[in-house]
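FYI, the numbering for the sequence shown is -22 to -1, 1 to 308, going by mature numbering (1 follows the signal peptide of the UniProt record, and there is no 0).
Bear in mind the hints are in silico, worked out from the structure with no lab data behind them. Please read all numbers here as calculations on a predicted model, not as lab measurements. Positions of the beta carbon are idealized from the N, C-alpha and C atoms, including for glycine. Certain hints may be false.
Here are the simulated lysine-lysine pairs, DSSO-like style, with alpha carbons at most 30 Å apart [said to hold, decoys possible]:
id, residue 1, residue 2
1, Lys181, Lys94
2, Lys193, Lys229
3, Lys229, Lys149
4, Lys137, Lys94
Distance windows between CB atoms, simulated [claimed, not checked]:
id, residue 1, residue 2, range
5, Asp198, Thr110, 15 to 23 Å
6, Gln242, Thr99, 35 to 43 Å
7, Trp262, Leu(-16), 24 to 32 Å
8, Glu133, Thr(-21), 18 to 26 Å
9, Lys107, Ile59, 33 to 41 Å
10, Pro173, Asn135, 31 to 39 Å
11, Glu184, Pro208, 29 to 37 Å
12, Glu184, Ile146, 42 to 50 Å
13, Asn2, Tyr22, 46 to 54 Å
14, Ser206, Tyr227, 36 to 44 Å
15, Thr99, Val240, 36 to 44 Å
16, Asp198, Lys155, 52 to 60 Å
17, Trp262, Asn61, 34 to 42 Å
18, Asp131, Lys155, 45 to 53 Å
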Amino acid sequence: LTKIKMLISLLILMQSIVVNYAENYIECGISHYLPAALYTSVGYPPSYTNAMASPYSMPWNVIIEAEHKICGGVLIRLEKITNSSNTVLSSSSCFFEKFGMATNHANTKVHLGVHKFPSDTNTVTVGIKHVTSTPYEEEMIKKDIALITLQADVEFNEKIRPICLPSINFKPPVAHKYPLVGWTLSEISKIKHIPHLLQVPVKIIESSNCAIILKEFSDDDHICGYFSDPYMFNNTVLFDYGSVLISLYQKNIFVIGMLSAVIQIENRTSHILLFSRISTSVEWIMRSSNPSSLVDFHQFLPSSETEVSGTMKKKNQQKKPAKSRTAKHN
């Protein structure tokens, strides 16, 4: 009888732990502060306060401050069952002084929980332990992604949270606008005096058209687009490396592109934005992390299980025989 009571007590304790964990678990891609719902054109002359992100509404965006360079990036969580992370996704360009010459990141700092820089509120600053980056070759814009391991885990709170990753080979539809979120703090951009995190809409261009416009374009490696705001389209404000293109799936925000280049169209004043495609790098990201760790597969969006479930439901409702076919991934 005593053993039975002990077993019941243990089960109750375990249930309490599970319930407590579920109540306190912080999902990826969900902000405590509401993101901006509407975008107002910067106008002319440009007023970049119109392009400011709502304070702390993008709690995954970070600042990477090196001795001679400032970049952006986003906090991600690869391991499951944890409300902390030591992993940041950024641009490999941030860690090369010249092509083929990696920088020493011993004195590089990563600032989290920041909306303005320099910040006028408490932030978390952590050093870098290790950087794994994709190849960065002269005159060849390929994948431009760096996986940063911080010196310590950072606990999540209202101003620091992880963004979700895209499902493998996810390709964003071109009929929508997607927010580009990032900083303009580098030496070139400082003349604009924009200390706040910016959020501006970008229209994605069909990949076949991107290939015609940009000789550097690769459908597997890249996404290309342009500022939907005409005053931004012809403007020279430069977003820093590590700025990200994001999307919303149900209630979660996930990253779909990492800014690689802003390319001026020949004989025009307009610019095309080139992004490294994250969905085709998910496997590389996982391999570059700890392969033996428990992965939070629920962070990969859109959820393939949900899509398959929805598709099957529609087929069942139609009650028509369907020919079997092999799934094809683009």
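Hint check:
| no. | hint | verdict |
| --- | --- | --- |
| 1 | Lys181 / Lys94 | 26 Å, holds |
| 2 | Lys193 / Lys229 | 36 Å, violated |
| 3 | Lys229 / Lys149 | 19 Å, holds |
| 4 | Lys137 / Lys94 | 12 Å, holds |
| 5 | Asp198 / Thr110: 15 to 23 Å | 20 Å, holds |
| 6 | Gln242 / Thr99: 35 to 43 Å | 37 Å, holds |
| 7 | Trp262 / Leu(-16): 24 to 32 Å | 46 Å, violated |
| 8 | Glu133 / Thr(-21): 18 to 26 Å | 40 Å, violated |
| 9 | Lys107 / Ile59: 33 to 41 Å | 22 Å, violated |
| 10 | Pro173 / Asn135: 31 to 39 Å | 22 Å, violated |
| 11 | Glu184 / Pro208: 29 to 37 Å | 20 Å, violated |
| 12 | Glu184 / Ile146: 42 to 50 Å | 21 Å, violated |
| 13 | Asn2 / Tyr22: 46 to 54 Å | 48 Å, holds |
| 14 | Ser206 / Tyr227: 36 to 44 Å | 20 Å, violated |
| 15 | Thr99 / Val240: 36 to 44 Å | 30 Å, violated |
| 16 | Asp198 / Lys155: 52 to 60 Å | 24 Å, violated |
| 17 | Trp262 / Asn61: 34 to 42 Å | 26 Å, violated |
| 18 | Asp131 / Lys155: 45 to 53 Å | 35 Å, violated |
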